[in-house]
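Asks: So you can see what is in the structure, the chains are spelled out below.
Protein chains: 2
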Amino acid sequence: MSAFTEKTVQKNYIYRGKIVNLRCDDAELPDGRPCKREIVEHPGGACVLCVRDGNVALVRQFRYAYGEELLEIPAGKLERGEDPMLAAMRELREETGLCARSLRPLTVFYPTPGYSDEKIYLYEAVDVSEGDGQHLDVDEFLRVEYYPVDEAIAMIGRGEIRDGKTIAALLLYQLNY
Amino acid sequence: MSAFTEKTVQKNYIYRGKIVNLRCDDAELPDGRPCKREIVEHPGGACVLCVRDGNVALVRQFRYAYGEELLEIPAGKLERGEDPMLAAMRELREETGLCARSLRPLTVFYPTPGYSDEKIYLYEAVDVSEGDGQHLDVDEFLRVEYYPVDEAIAMIGRGEIRDGKTIAALLLYQLNY
Chain A
38 MSAFTEKTVQ KNYIYRGKIV NLRCDDAELP DGRPCKREIV EHPGGACVLC
88 VRDGNVALVR QFRYAYGEEL LEIPAGKLER GEDPMLAAMR ELREETGLCA
138 RSLRPLTVFY PTPGYSDEKI YLYEAVDVSE GDGQHLDVDE FLRVEYYPVD
188 EAIAMIGRGE IRDGKTIAAL LLYQLNY
Chain B
38 MSAFTEKTVQ KNYIYRGKIV NLRCDDAELP DGRPCKREIV EHPGGACVLC
88 VRDGNVALVR QFRYAYGEEL LEIPAGKLER GEDPMLAAMR ELREETGLCA
138 RSLRPLTVFY PTPGYSDEKI YLYEAVDVSE GDGQHLDVDE FLRVEYYPVD
188 EAIAMIGRGE IRDGKTIAAL LLYQLNY
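Line by line, the protein sequences are chains A and B. Note that my numbering has the first sequence beginning at 38, numbered continuously upward. Note that my numbering has the second sequence beginning at 38, numbered continuously upward.
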């Protein structure tokens, strides 16, 4: 056990929702003093960098939390217990209509470790072909746009791509990771 | 107004905490149908990529949400209304003891746009010098470690660096952004 470990004394659920749960736990600092820890529980997300003929598929959608439209790689929340790779394959197909022969894992990262337990599984689509069109959830409204990878990288610098997972995916790809 | 805009009908606060607030809003989809939107409010974060003599300063700390130690660039939550650059400067000094003559903005990104309004302001430290040692909050337990930038980039590939803002910062730096 590390010298920095904090122990859970009691998990206290405040809210159980559709996307997130919220806890405010009683915990113990490494020196034994009590503390509170606010934790957002999230089942995790899966996303796909899909580059075809040098163009990356980005999804433009309104994000309620910011009141803005964002450009993001296709992504979605995991169902509890779902294989992240299958989820990524499904989201690619549903949001863009594209099909990948396989997905290559790029990385798994933690978007907001200070208060959330979400893990994001990032894949690259291999051998992409046209599928049979979008299949959106009833509350999804989005548009697929294609950008040359170099242009998308430049859009990060201009603040036109602001989504963290999309930035990580594009930069990993550009570095030939 | 975009064709994808969702309207707020009513904001409903479920929890107001120290780090986050939680709302479950009544909202309206672009086609006029009602929907719920679970939103985590967060005041935003500021973080600093600090490279000195080719070595990047990373902070090792236990993250309660994951029950793991993570390596991250120095970072902290904004106080309400605080200038992100001043917050980044403060966190660098408090967590590492290092001082920067100035900070260069790298980017602003959105770590989890599906359910949180957090914005992360990312800076690069310029002209770094030794300060007067760490000044940690009473509930902060962490250790500063230095890694050659190339080694840190390799650690992303090996899953030894998993924090999203740290991955984004290192890759932006490596691409000479």
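It is worth saying that the hints were derived from the structure and are not from the lab. Treat each hint with caution, since some may be false.
Repeated chains share a single entry, so a pair holds when one copy, or any two copies, can fit it.
[Claimed, not checked] Here are the simulated lysine-lysine pairs, BS3-like style, with alpha carbons at most 25 Å apart:
| # | residue 1 | residue 2 |
| --- | --- | --- |
| 1 | Lys44 | Lys73 |
| 2 | Lys156 | Lys48 |
| 3 | Lys156 | Lys44 |
| 4 | Lys73 | Lys114 |
| 5 | Lys44 | Lys55 |
| 6 | Lys44 | Lys114 |
Asks: All hints, please: hold or fail.
Replies: Structure-based check of all given hints:
1. Lys44 <-> Lys73: within (11 Å within a copy, 34 Å between copies)
2. Lys156 <-> Lys48: within (20 Å within a copy, 28 Å between copies)
3. Lys156 <-> Lys44: within (21 Å within a copy, 29 Å between copies)
4. Lys73 <-> Lys114: between (27 Å within a copy, 16 Å between copies)
5. Lys44 <-> Lys55: Between copies only: 19 Å across, 27 Å inside.
6. Lys44 <-> Lys114: between (28 Å within a copy, 22 Å between copies)
Hint compliance for this structure: every hint is met.
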